[in-house]
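Chains H and D are the protein sequences, given in the same order. Using our numbering, read the first sequence as starting at 1 and increasing by one per residue. Using our numbering, read the second sequence as starting at 1001 and increasing by one per residue.
Keep in mind that a hint or two might mislead.
Calculated lysine to any residue pairs in the SDA-like style (CA-CA distance at most 25 Å, straight line) [what the hints assert, rightly or not]: (1) H:LYS13 <-> D:GLY1054; (2) H:LYS13 <-> D:HIS1081; (3) H:LYS9 <-> D:ALA1075; (4) H:LYS13 <-> D:ARG1045; (5) H:LYS13 <-> D:GLY1059; (6) H:LYS57 <-> H:ARG24; (7) H:LYS150 <-> D:GLY1022; (8) H:LYS13 <-> D:ALA1075; (9) H:LYS57 <-> H:LYS9; (10) H:LYS13 <-> D:ARG1032; (11) H:LYS191 <-> H:ASP167; (12) H:LYS13 <-> D:ILE1064; (13) H:LYS105 <-> H:ARG59; (14) H:LYS13 <-> D:GLY1022; (15) H:LYS9 <-> H:HIS28; (16) H:LYS13 <-> D:VAL1040; (17) H:LYS150 <-> D:LYS1027; (18) H:LYS191 <-> D:GLY1054; (19) H:LYS150 <-> D:TYR1017; (20) H:LYS57 <-> H:ALA133; (21) H:LYS150 <-> D:GLU1104; (22) H:LYS9 <-> D:GLU1113; (23) H:LYS191 <-> D:ALA1075; (24) D:LYS1027 <-> H:ILE4; (25) H:LYS150 <-> D:GLU1109; (26) H:LYS13 <-> D:ALA1024; (27) H:LYS191 <-> D:ILE1100; (28) H:LYS13 <-> D:PRO1041; (29) H:LYS9 <-> D:PRO1095; (30) H:LYS13 <-> D:GLU1065; (31) H:LYS150 <-> D:GLU1083; (32) H:LYS13 <-> D:GLU1109; (33) H:LYS13 <-> D:ILE1028; (34) H:LYS13 <-> D:ARG1016; (35) H:LYS191 <-> D:GLY1084.
I should point out that these hints are in silico values taken from the structure, not numbers from a laboratory.
Each chain is listed here by its residues.
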Amino acid sequence: MSLITIERKILEKNDEIARQNRARLAEHGVLAVNLVSSPGSGKTSLIERTLDQLNGKLRVAVIEGDVHTSLDAERIARYRVPVVQIVTHGGCHLDAHLVREAMAKLDLSCVDLLIIENVGNLVCPANYDLGEAMKIVIISTTEGDDKPLKYPAMFRNAAVLVINKIDLLPHLDCQLDLLRRHALQINPALKVFETSCTTGAGISEWCAWLEATTRRESVTKPARHEG
Amino acid sequence: MHEMSIARSLLEVIERYAPTNGRARVKIVRLRIGELAGVVPESLRFCFEVASEGTVAQGAELQIEHVPLIGRCRACGADFHVEGYIFICPHCESPHVELISGDELEVVELEVEDVRCP
Chain H
1 MSLITIERKI
11 LEKNDEIARQ
21 NRARLAEHGV
31 LAVNLVSSPG
41 SGKTSLIERT
51 LDQLNGKLRV
61 AVIEGDVHTS
71 LDAERIARYR
81 VPVVQIVTHG
91 GCHLDAHLVR
101 EAMAKLDLSC
111 VDLLIIENVG
121 NLVCPANYDL
131 GEAMKIVIIS
141 TTEGDDKPLK
151 YPAMFRNAAV
161 LVINKIDLLP
171 HLDCQLDLLR
181 RHALQINPAL
191 KVFETSCTTG
201 AGISEWCAWL
211 EATTRRESVT
221 KPARHEG
Chain D
1001 MHEMSIARSL
1011 LEVIERYAPT
1021 NGRARVKIVR
1031 LRIGELAGVV
1041 PESLRFCFEV
1051 ASEGTVAQGA
1061 ELQIEHVPLI
1071 GRCRACGADF
1081 HVEGYIFICP
1091 HCESPHVELI
1101 SGDELEVVEL
1111 EVEDVRCP
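Excised from the complex, chain H in its bound form:
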C-alpha cells in the first residue's frame, strides 16, 4: 500500500478556469457580476430593469444560465445587448468552463458590464467560482425572512444582497428588518438594496451603485488606439 499526498482543492480545475476568466475580464476592464437566487426571485426581471436604466450609459452583455430553454435570453435579447444562453440540460449550477465558452462568444473589448445570471439555486452556485468580481444574491420577500439562515454559505460568499418584490410586503408575514438582520449576521459586509421590479422602487439606487462600480473597474480598461 502506498500513500500519495495531494492536498489540493476538489474544485481546483474549476478554480483554475475561473482564474483565467477573471484575468481575461480584467484585461478588458470588464466588471462581471454573478447573480444567484432561488428560482423565481426575479433575477431576469432585475436585469431587465437594470437594462432599462443603464443600457446606453454602459455597454452591457449578459450570460444566461438555465437548466432548459432559452426563454430568459429571448427576454434579454429584446434590449439589443449581446446575450449568450447556457443551457445546462440538468446541471444545477453554472461552472467556470461553461462561462469561459460563453465569454468566447462575446467581444469583451466592447463590454463594460457582464451580468451572469446563474441557474436558480441557492445551494450549488455558492461553491463554484465563475471568475466574477462578486456574487450578488437576490431574495424575494415571498421567500420568508429566515431564508438567509437556511442558506448561509451563499449569503456568506456574496458581496451584495438585493431584496426584491418589496411591493408585496403588505400582503406577507415577511419582516424586512428581520430579513436584513439575518443576512447581516451571516455576512456583516453585505451591501443591501431593496427593490421592486414591478413598481420600480429602489431600482435607481441599485443602478447608480452598479454603474459607479462598473466605472471604477473600467478605469483599468486598455486605451483604444486610433487608426
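Chain H is already provided as a structure; the job is to place chain D on it using the hints.
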C-alpha cells in the same frame, strides 16, 4: 444533485494524481470538508460510488475529516466556533470577523494498492 458534481470533480483530481500503470487501485481517499462547504457526507459517498465505477477509484472508501467553522474577531482577537453561521464575535459583539477554517473542500491523500502485490 450538488454532491454528484463534487464527486465528479473529486474523481478528476484522483485520476490526475493516482498512478496510471493499470495495476493501481485507490483504496482510501482522505478528504477535508468544512462546515460551510455545504456537502452532505453520505450523499457524497453515494455519488462517488456511482461516479467511480470502472475507474481506478472504484470501491474506494471516503474518509472525511470535518473541519469546524472557526472565526477570528479582528477587534478583540478571539477565535471562536461560529454557531448558527452568525459571524458576530460572542465576546465583544464585533461584526468584523474573518474566517479561519470551515470552508475547505480538499483532497488530502490517497492510499493506493498495487493489485499485483499479495
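So which of those numbered hints doesn't the model satisfy?
Numbers 2, 3, 7, 8, 9, 15, 17, 18, 19, 25 and 29, in rising order.
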